[in-house]
Structure formats: C-alpha cells, structure tokens
Amino acid sequence: MFARYRDRVDFYSIYIREAHPSDGWSMESNDKFGIKVAQPKSTDERTKIAVHCCESLKMSMPMLVDSIDDRVGRAYSAFPDRLYLIDRDGKVAYKGGRGPFGYRPRELEQTLVMMMLDEAKGGNKVENGVSRDDESTTKPESPVTSDN
Amino acid sequence: MRGQKSEVRGQWSIAGRMLALARRWRLCSHCVAAILVGLGSQSAARGEAPPRQDTAKQTQSNAEASAGDSKQKPADEARPVSEAREEQLTSINLAAQLLGNLSPEHMKQFGQMLEQDWKRRPEWGDMAVAVLKGEAMRPGMGWWRPSYRRFDFTWLRAQFDADTDGAVVRAELPELAKADQLFARLDRDLDGRVTATDLEAVEPAGPANMMASYVFYQLDKDSNGRVTIDEVAGFFANADGEDLGFLTPEDLRVALDDPESRKPATRAPSSGPTPADMLRMFLTGQMGWLEAGPELGDLAPDFTLPTHHGSSTETLSASRGKKPVVLIFGSFT
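Protein sequences appear in the order of chains H and C. Take the first sequence: its position 141, counted from the start at 1, is 141 in my numbering, and no numbers get skipped. Just add 1000 to the spot in the second sequence (first one is 1) and you have my numbering.
Only chain C is shown next, with the shape it has when bound in the complex (with noise of 0.2 Å):
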C-alpha cells in the first residue's frame, strides 16, 4: 500500500515537471491536457487516480514547486550529483513506465496529438514524436537529422566554378586542392569533376566501394579502422600458405572469404524494441541527450578536460586564433 502511495505522488510529480516544461517551451493547453490525459488515464486504469479537485491543486502546486527548481539552482546543483541523477531517474522511468503501458495505438494518438498541438518544438520534441508514433530508428526518424555545414556545394560553386558550368574542376581550385588525395576527397565518384552528388551524405555506389569495404574490413585484422603494411603482408603470407611467393585469384579467393559471415547469429534474431522499449531508452538518455548542442556559427562551448593518461589537460580555446579545431565524441561501445 505504502508502495502504491509513493508511486501515485511520483505519478503527479511527473505531471508537476511536464507542467513546468511545457511552460518553459509555451506548450499550449491541449497538449498539457493530453499528457494529463496520458497520465491520467494511466493510473485510472489502475484505480489510483485521486479525487479530481485535489488533483488539480496538486498539480498546480507541484508546477509551481517545478517552476521554482529554476530559480533555485545554485541550491540545487550544491546537492550531490547522484542524489539528484537518481531523483531524475526515477521520475522518468515512471514516466516511461506510465506512457510505456498505453496500447501502441494509444502511444500512437498521443504522438500525434504532440505532432499536432507542440507546433515550436525543441529538436528532441521531434523524437518524442518519433517515438511514441512508433517509427522505426533509422536516419531522418525524430532527431537524426543531416548535419549542419558552412561550406556546401553551393557555396563551392559559387566561389570556384569559374566557368559557370554546374561542376567543379581540379583547374579551377587553388593550389592545394590540386593534389590526388585532396581533390578525391572532394571528387567521391572520381570522375573528375566536382558536383552536387560528389559533397551529398550517400556513399558512392558501384562495386569499387563495396569491394573496398569488403577488402579492408577482412585486412583490418585489428579494426582500428587503418590498414597497416604489416596487416598487408601478414594477409599476403596467410594467403599465400604454400609459400610460393605469389597469390593467384583462387588463392585470394579463399583467403577473402569470410567464415564468420556463415555463422548463425549468437542471439536470437530480435524483432527490434518495441515501442514502450524505445520510449524507455529515449527517456533515459540512452538515444541522446535531450540538449541541442550548439548550433552552426555559435561559439563552441568552452571546456578543458584531461587527457587519458591524466598527464595534462586540454583547452578548446587554446586553439582559438590558431588553428581550426575537429571534436570527435564517441565511446568503446
């Protein structure tokens, strides 16, 4: 029972933080409602739900206890990390848990009506959407958008296609761009010329660059994403086992095939997360962050951080003046 108490103020805490949220993003009132709704309904269903006038105050008092966090921060962030982190944490795993028992059919509505009714939306009401519309994660779903770039092919057309001809030539760049490696970074399809499909996000069709996949990910012995001469010749000599000195297309043939392709999966093939799955992970940040990052022409946010070996540290700004900077995040996993 006591058990059952906590989740029903956790039901409403939620509600108060949703409140304070669509505040923030001036979210209008029927998209309010249709959260309550959606929350609402949920603990109904379970016979939880409290008397409507408390309801209403609660709420209202719980937003305005919400809407103050804001003003409180310093308070706030003098709190230990992990107090607060498991605080949110279990908010918004009742939140997923709440919208994750709807019917997807209902998920499905409640997507919509966000879709519909949350017209300024941040980048991740756009997930959220996704989400509980159930789309399936690929490119282009909710957040996963291109990227943001200065320099397109438009602006390089403009600044070095002299003689207006929709394409540009390894002639018409300067100096540097003249050499082999740089100009085919440019020139993907390596005809040539420089166009619009050359600088687009899809890689260029054609069996070179499937066979070129194919051949390096069977070379790249390490998977460090660079093959080595001694990854080359360690091949050549695995292929060449009777030592002859030479390999003919039959030997390459074999040493390129690929037993681990044959196996069976060691999982059973899944089916994929299931909506209420998807909205858990959304919540709990294991698709992103719900921030946006700073956007194209902003200042990049300063930090310095330690390097792995903790023998120093490094600044972002450091580099101001001097020289252009490449961020690259990611993890092991």
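If we strip away everything but chain H, and leave its shape as in the complex, we get (with noise of 0.2 Å):
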C-alpha cells in the first residue's frame, strides 16, 4: 500500500508495546517464526528491537517508535495494533477497529480510495467528519457507543 501511494499519502508506522511478549501473552505463531522478544522496559530497548523488526521484515516505510510510556498509543488507543487515516486538515476520516479483529489494512485502503475521488470530484470542505453537502454520510454505517 505504502508503495502504491506514497507520492500522495504520508505513511508512518508506529511502533507500540509489544503485544505478545515471551514474557507475557506468547504465542505459538511467534515462537514458529523465531520471534522472541521480552517486553522492553526502555525506550532504548523498544527501539532496538524496532530495528530489528525493520530489518527482517525489510519495511521501506518510515518507522517510528514511541517513548516506553507509551504515551501516543495511549493517545490512540492502539494497543495491540490499529489503523488510521487522517485528512488534509487532520482530522480522523478512517479509525480502524481495535486489534486484533479490528485491523483491516484493506478496508483503510477502500478509504483512501475514496477520499482520493472526493478530492477528484472537487473536494468537498470537510468539516467534523461530514461533508457538508451529503446528509447521508452524516450516519456512519459503524455503530455508535453504547446508546441510553
């Protein structure tokens, strides 16, 4: 995705707390691939092992790692991992579900795609997540917290 539209979008990837630590959740799937790796207690520790990603994964994307207090996936709630599309005006178009079940690097690119063509069509001003001249958009099809 990253090559795909990098000239127009801004990619970051931002590495977080580890999700399945050796020394905490493990997982069979992460033992399989050689991956074992204890919960940093360091921002130095983190970044270390960021690198080390980076490097078998050989990601071209920019990475970024955030400090041990965890404080811009706390921000975001991005434990243990989740996406999202920010606009123009840097306003949140796109919150993926929460990880596990919630990530779906598709759907984030359905999104893109579309906000390129509403930026095609002339570019609606955007404001507060609603384009100004469609009601229907005011409902997003996701649904809303807990009602009553």
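Fair warning: there could be bad hints in the mix.
Straight-line Cα separation of at most 27 Å, BS3-like style, residue types lysine-lysine; simulated pairs [claimed, not checked]:
| # | chain 1 | residue 1 | chain 2 | residue 2 |
| --- | --- | --- | --- | --- |
| 1 | H | LYS91 | C | LYS1322 |
| 2 | H | LYS36 | C | LYS1221 |
| 3 | C | LYS1221 | H | LYS58 |
Keep in mind the hints are simulated off the structure, nothing from the lab.
These two chains come separately, so use the hints to put the complex back together.
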C-alpha cells in the first residue's frame, strides 16, 4: 500500500508496546518464526527491537518509535494494533477497529481510495467528518457507542 | 500477618479508586454497590472483612483521596513513572485477583449487573462487561467493534451512482479510479460493479481468495507480506528440481505442499484463557488500553516521535494542509 500511494499520502508505522512478548501473552505463531521478544523496559530497548523488526521484515516505510510510557499509543488507543487515516485538515477520517480483530488494511485502503475520489471530484470541504452537502454521510455505518 | 494487613488496605484502596471512577463515569448507586459487594464478598470469604462502620468511613476517605487525585495531577506527574506504574499495577493485580477468584457464575452475574446498571459506559466498560460475562474472544465481543469511516458505500453511491441503480460502475467514477488497480480495490469481488458487499469488512468468498492466501503464504518466504520476483524465482527453481525449465501440475502440487501443516502443535492445545485469565489480561492492558482514542472527525492528537534510526523526528501536524496521513500502529509480536 505504501509503495502504491506514497506520493499522495504520508505513511508512518509507529512501533508500540509488544502485543505478545515472551514474558507475557506469548504466542505459538511467534515461536514458529523464531520471534522471541521480551517487553522492553526503556525507549532504547524498544528502539532496538523496532530496528530488528524493520530489518527482518524489510520494511521501507518510515518507522517511528513510541516512548516507553506509551504516550502516543495510548492517545490513539492503538494496542495491540490499529489503523488510522488522517485527512489533510488533520482530522480522523478512518478509525480502524481495535486489533487484532479490527485490523483491516484493505478497508483502510478502500477509504483512502474514496478519499482520493472525493478530492478528485472537487473535494467537498469536509467538516467534523461529515461532508457538508451530503446528508447521508452523517450516519456512519459503524455502530455508535452504547446508547442510552 | 503483615502481608494480610497490607492486602486488606489494598482492597479498600481499590474500592476507593472504583468509587472515584464510578463518580467520574456517573455510575448509579446499584453499580457501585455491586462493585463493593463483589470486593466485600471476597474479603469476607477470607475472613478479612473489616468492621462495618470502619469500612464505610475508610471507603469514603479513600474515595475522597482518589477523587482528589485528578486535581493533584501535576504532582502526580512529577513522580517517577515507574513508581506510579508499580502502584497502579499492584492495585490492578489485586482487583484482578479479587474479581478473578469469584466463581464464573458470580463473575457472570457481576457482569450482568454492570451491564444493566451502567448504561452510559465507555468502550472499555463494554469490554469489562463482556469479560466478566465470560464471552469468548471474537470480533464483535466487547470493544472489538467495526471501524469508523467517513467514506462508505452510502457515500460512494450518493456521489457517483449517476444512474441510481444501486451499483457504481467504472464509467461513473472520476478518471483516477478507472485504472484497473484502483478500481479493483473498490470492486472486491471483481464483477465490474461496486456494491455494498464490496465495501463490507468480510473477505470475498470463493476459491480464488483461498488459493491466493495459500499460495502467497508459500511464496512469501521471509513473511514480510510482499512476494518479490526473487521469491518467485526461488520457488520456481525449487519446484523444478530436475532443472527442466518448466513445471507440471504434479511439480506444483509437491512444491505447494506444506509439511508444517501436518506437524502436531508444539504446545498442548489449550482450552483458551479462563474468564479469570481474561479479566487479568484485560485489567493489565494486554487486550488494549482503556483510552478510547480520537473519534471520527476529531483533530488527531499531534505527536513528535523519533524514527527507529534515531537520526530524525517526525511530527504529525507537519503533514497538515499538505497530505493525508496513514498511521499504522503495531509491534513485532
């Protein structure tokens, strides 16, 4: 996705807390690939793991490392993994579900394509996540937090 | 004896914290009572229940102390992070221990009580209820909700379905989406028409999809989510063991076979985490953080973070007014 859209969109992967550290909720699928990582205790330690991860997965996307107090990860409630699309005005246009079940890169990509279509169409000025001239989008398909 | 005492104190400090939380989230008295009964029954079961009057007083003062916490935030922040975290972890572990020691039946009742009494609960409240009720981990459980999107099929149809036939075809889209690659992103089932199901979260069914995932997994030797020409060449060379320069269906069958899939699991198949395990994992943040994160349309919280090489930093707001930004949060594990 990064290679396809990098000219139009800024991509950041943000390295946060380990989801399945060897000293926590370990996973067989990690063992299988020889990935054995303990939960880092400092930002430096986390950075080292991030570098290792980047190299083994041959990632080309810019990778940022969250500080050990998980400041950014918490602000986005991004554990264990999560996707966001932020529009040109700095507003959230896509908030993926919480990982692991909500992690849907293809859905993000569709939203991105539609955002590009929106801009190609002359880009309705978008405010508060709702395009001004289209009533139907005031109700996102996704559920609202529990009612009453 | 000393350990017991501090444990009792710990319990009431949790009760205090819960009361403070209850106030912050405007829990009704039933709900608070339920929490206290839950904690109280636990200490009673161990013969550790402090005398009643003291209890009420202590809980009250603790609640006040906790409620005051928010005002003392600067001081709180000045404390070393590790110390605050240590204390927090101790309380959480205790809470998990107390609630986790309830029988599954009691946990379930407690969850149901919370669900009933705590109407305006945040996202994590849904998760707490689901965990207490012993629901299995699956999409849709607790806080595992679908995504929130500004652009969905309703939007697409309203914008581009010129002939209002309920489907968007290539000709109805702006030039940029007519390219095969981009159009295929929208038209997931590849039938030439973008309909509601193409934008649903479900994977398109059919043998092509299953085959694609399987073959991809076999070809992507370094498991980095990308198949390169070298990986394809390596696969071919390997499959064509006799170096004939071509493959037969039989060669392919052998090459695509995955001996790993026949190996027995190296760990004993577990019956999944118990409700008590789930509760502990939830409370200790192993299932996600309690914060909700920015909502759709909110200004995304700004940040400046170093790159993994440490050579530079990137700031989210630097893209504002220039480009959209995709944020991908995750870890190696």
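Consistency of the hints with the structure:
no., hint, result
1, H:LYS91 / C:LYS1322, "13 Å, holds"
2, H:LYS36 / C:LYS1221, "19 Å, holds"
3, C:LYS1221 / H:LYS58, "12 Å, holds"
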